[in-house]
Structure formats: structure tokens, C-alpha cells
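*Asks:* Protein chains in written order, with our numbering: chain C, 1 to 249; chain U, 250 to 338; chain W, 339 to 456.
Quick caveat, the hints were computed from the structure, so don't treat them as lab data.
Note that the Cβ used here is the ideal one computed from N, Cα and C, for glycine as well.
Please note that a few of the clues may not be correct.
[What the hints assert, rightly or not] Just some of the chain W residues that point at chain U, by a computed CB distance under 10 Å:
(1) Gly341
(2) Ser365
(3) Met373
(4) Ala376
(5) Ser380
(6) Thr409
(7) Ala416
(8) Asp421
(9) Leu433
(10) Val437
(11) Leu451
The primary structure of each chain is shown beneath.
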Amino acid sequence: MRDTTRKRVFLFFGSVFFLLFCYATVNLPPWGSYRGPYGDVISRVGVYERHATDVVNAINYDYRAFDTLGEEFILFSAVLGVMMLLRHEEGEDTREVGKVEDRMHLSMTVRALAMPAILLTVVFGFDIGLHGQLTPGGGFQGGVILASALFLLYVCENTESFRRITSHSLVESIEAVGAGSYALIGLSPLIAGLPFLTNILPLGTTGDVFSSGTIALISACVGLEVTAAFLLVGYTYLEEIITGQVPEE
Amino acid sequence: MIWVGAGLLLLVAVSGLAVVCTRDVTSQILALGFYGVLMALVFFVFQAPDVALSQITVGALALPLMVMLAISRMKYRSAAKRGSEERDA
Amino acid sequence: MPGVLHLLPYFVAAWLFFCGLYGLVTSKHLVHSVMCLAILQSSTYILLLGIGYRIGGAAPIFADIAPGKLTVDPIVQALMLTDVVVEAVVIALLLAMVVKAHERSGTVSPDELRTLRG
Chain C
1 MRDTTRKRVF
11 LFFGSVFFLL
21 FCYATVNLPP
31 WGSYRGPYGD
41 VISRVGVYER
51 HATDVVNAIN
61 YDYRAFDTLG
71 EEFILFSAVL
81 GVMMLLRHEE
91 GEDTREVGKV
101 EDRMHLSMTV
111 RALAMPAILL
121 TVVFGFDIGL
131 HGQLTPGGGF
141 QGGVILASAL
151 FLLYVCENTE
161 SFRRITSHSL
171 VESIEAVGAG
181 SYALIGLSPL
191 IAGLPFLTNI
201 LPLGTTGDVF
211 SSGTIALISA
221 CVGLEVTAAF
231 LLVGYTYLEE
241 IITGQVPEE
Chain U
250 MIWVGAGLLL
260 LVAVSGLAVV
270 CTRDVTSQIL
280 ALGFYGVLMA
290 LVFFVFQAPD
300 VALSQITVGA
310 LALPLMVMLA
320 ISRMKYRSAA
330 KRGSEERDA
Chain W
339 MPGVLHLLPY
349 FVAAWLFFCG
359 LYGLVTSKHL
369 VHSVMCLAIL
379 QSSTYILLLG
389 IGYRIGGAAP
399 IFADIAPGKL
409 TVDPIVQALM
419 LTDVVVEAVV
429 IALLLAMVVK
439 AHERSGTVSP
449 DELRTLRG
């Protein structure tokens, strides 16, 4: 089908769909008039039942922890898929192509400020990751910030350090440990006869860092997994550029 | 506050169209990053700080980074192939 | 609140969906179509945000407000968090497939990929 025909057909049917969608939403409640009871119930009891002041995190890691378990396994299997598609196989013939050297292209200011920036980002990532149950944040956000701190190494031309950290086999193990311990924390209440993913640890005082039982622990496991996942994906894309080996056709 | 929110939503609509209409892939990464930060601002104005933090880290940090890595790997491969063809020829 | 604002988030969500679909249909570069998919997925955030909002509601973080105060819906925000994570992950996998397709066939345009036969 030619380009203009395709565009015209789409514009016709797309506008029909757009108008139908707008017509379907005409009888929805007006914007800003939230009436539903469930959200108000959770807002009122969440702090007392789980000793966590961040109710969204409490929902994610306690009330609806099963959905978050599925989301973590989505992340795990997607990283597995990326690595299967793009990693070089063992024993494949490779030939040497010009690789990225640590050329002195960046100014001295940038190279000097790289290390303080990385340290600040790591501390910030840990802060956000550990305070999930008190303030906005949590394991996922902290994990991505930690992974980006290591990408700063690559951006500031410390390619050799970046390669040594992210190609280590420990990163894969950390990801597996993160995903697996989430499932294990869920399985452990089954021994006492309680349902899967019940919050069995002591809840502590509201407002403490070590409060709200398994929420903080699950958050830490998710943070580990997400950091390792993003590092693995980044290194898989960059492997050829960093090592300079391209497989022989 | 509701007018600020409405204005931001209209800006998001325009920005979404701008991202789609940018045909050059390298410029589209920047447009996508801007769109991500704008969405995070919308989430912040609508009292969703946790989601805003997630959107900043994913939509303005991880997503443009992954697209840039994919594009650079494709360019590297085609440059390597061109180099080998010139050597063989 | 004036009547014109009653349905604004739903219309904006529909518009973003339409834009993303338009980009996907008329794309000439696979990476461009992947980024249009990101726009498509973000239309659901605006829809969920519009459903859960309450005028005058506070953020559902009780670190500095009393637990009885009226807030916006926290459950919809938990759904949006999962949605954001899934978007990043799907795009990572799609980009890996695009890179692999480019390796095998040397081209990155969907039209040419369709006509190549192994």
C-alpha cells in the first residue's frame, strides 16, 4: 500500500476512533470529582495498619505486592531477552575493529567533576531507595539512580572502569538475588500458615527508617534487581563499542 | 491550580505531537526527554510525587539513554561492516 | 469548575493515543516507531491521572499531614508506577529486536524489511 493511501486510510479511521473515544467519555464523572470509596479507605487506614507514611509505596509493596512481583519478573525476563538477543556467544570468531579509546576529548573540568558527581549520585540513590516507606521514592527509583551513577563513568570517559564493573559476573548474580529474594520473602509466611506475601516482620514506629516490616525489605530487593538490570542492559548494548570485537560473519 | 493543570495538559498534547512529527531519530531523543520531564511536571502538579519521581528516572533518564545506546551500536556495526568491505574490495 | 474542563484529561489521553498511532503507521525508521510507542503508552498515564484526581486533595504522603485529610486516589498512582516500569522494559526489549533486525538485514526501515525474504 502506498504511503499516501496508508496515511489517508489511517486519518479517516483514526479520526472516527478518536471521535468515538471522546463520545464514550462524555458520561464519565467530571474531572476532579473523585467519589470512589476505596482510595479514601486506604488513605485513612494505611498509616495505622502498616506504619508507613507513604501510602502509594505501601500499596505497591504490601496491599498489592503480588502485582509488583509480576512487574519485577517482567523486568527480569525482558533483561534476559535483551541479553539473549545481543550478547556474543562463546567461541564465536571475532575480529578486532577500532575501539573507543579514552581520548582526552573532554575538558579537565568535566573529568575532575566526574568523581564527585558520581559519589553524590550514589548517595542520593541510596537515600531515595531506603526511604521509600516514608517519602516518595522507594526501591525502583533508587535503583535507576544508582545505575545512572555508573553510566556517568562511561560518559566521563572512564571506559575501562565502566567495563570492569559492569561486565563482572557478580552483576548478573545480584539481579537474580534481587528477584529471587522478593519471591522468597513472599513464600516465608506460608510456613506459619499465613497467605503469600503477608507482612510478618515487626512494624516498628511510624516515621523510622526501619519501620513497616517487609515493605522496606522488599523495596531494597527491588532496588538491587533494578540497578543490576539497567547495568546489564546498558553493557549489552555497549559491549562491542567498548571491547572493539565484532563477530566474524 | 486547576488552570495550571489544564494548561500543562494542553502543553503535553502539543509536545506529544511534536515528538511524533520529529522524523530525525537523534533529535527525537531530545524531544522525548523533554516530553518525559513535562509529564513528570504534570504528575507533580496533580499531587502524585511518587509517580513523578519514577517518570523522571525512567522517561528522562533511562529511556533516552537506551535509545542512544541502541543507535550508537547500530552505527558502530554499519561502520565496521563498511570498513571490512573496503578492506576486502 | 467550568464545563469545558470536565473532560479535558480524557480528550488529551485520546489525542496522545491518536498521535502515537499516527507516528507508528507513518514511520520510516524503526527506532522512530519505538519512540511513538512510548507516546502511545503514556496516554494511559493521563487517563489514570484524570480518574484519580480530586480538587483540593493533597498528595497521599502522610509524613507531614494528618492521616484523616482528603487526598487524591493512591491506588491509581500505584497502577501508574507499574505502568511506567513496564514501558521502560518493553522499549528496552523492542530496541534489542530493532538492533538485531538491523544486524541481519542492514536496513532499519520497516518498508524495506517487509520486502526482504531470507
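*Asks:* Please verify that hint: aspartate 421 (chain W), Cβ, nearest Cβ of chain U, below 10 Å or not.
*Replies:* This interface hint holds because 9 Å falls under the 10 Å limit.
*Asks:* Under 10 Å is the threshold here; is the Cβ of serine 365 (chain W) close enough to any Cβ of chain U for the hint to stand?
*Replies:* holds, 9 Å
*Asks:* Would the hint on leucine 451 (chain W) be counted as holding, given a Cβ-Cβ threshold of 10 Å to chain U?
*Replies:* violated, 14 Å
*Asks:* Just to be careful: measuring from the Cβ of serine 380 (chain W) to every Cβ in chain U, is the smallest value less than 10 Å?
*Replies:* Holds - the Cβ of serine 380 (chain W) comes within 10 Å of chain U, reaching about 6 Å at its closest.
*Asks:* Go through the hint on valine 437 (chain W) and say holds or violated, using the shortest Cβ distance to chain U against 10 Å.
*Replies:* holds, 5 Å
*Asks:* Quick one, is the alanine 416 (chain W) hint okay against chain U at 10 Å, beta carbons?
*Replies:* Interface hint status for alanine 416 (chain W): holds (8 Å vs cutoff 10 Å).
*Asks:* Under the criterion of a CB-CB separation shorter than 10 Å, is methionine 373 (chain W) in contact with chain U as hinted?
*Replies:* Hint on methionine 373 (chain W): holds, closest Cβ of chain U at ~5 Å, below 10 Å.
*Asks:* Close enough to count: is the Cβ of alanine 376 (chain W) nearer than 10 Å to one in chain U?
*Replies:* holds, 7 Å
*Asks:* Taking the least C-beta to C-beta distance, is glycine 341 (chain W) closer than 10 Å to chain U?
*Replies:* violated, 13 Å
*Asks:* Could you check if threonine 409 (chain W) really has its C-beta closer than 10 Å to a C-beta on chain U?
*Replies:* Holds: closest Cβ of chain U sits about 7 Å from threonine 409 (chain W), inside 10 Å.
*Asks:* Would you check whether leucine 433 (chain W) satisfies its interface hint, that is, whether its CB is within less than 10 Å of any CB in chain U?
*Replies:* holds, 4 Å
In summary, the numbered hints that this structure violates are 1, 11.
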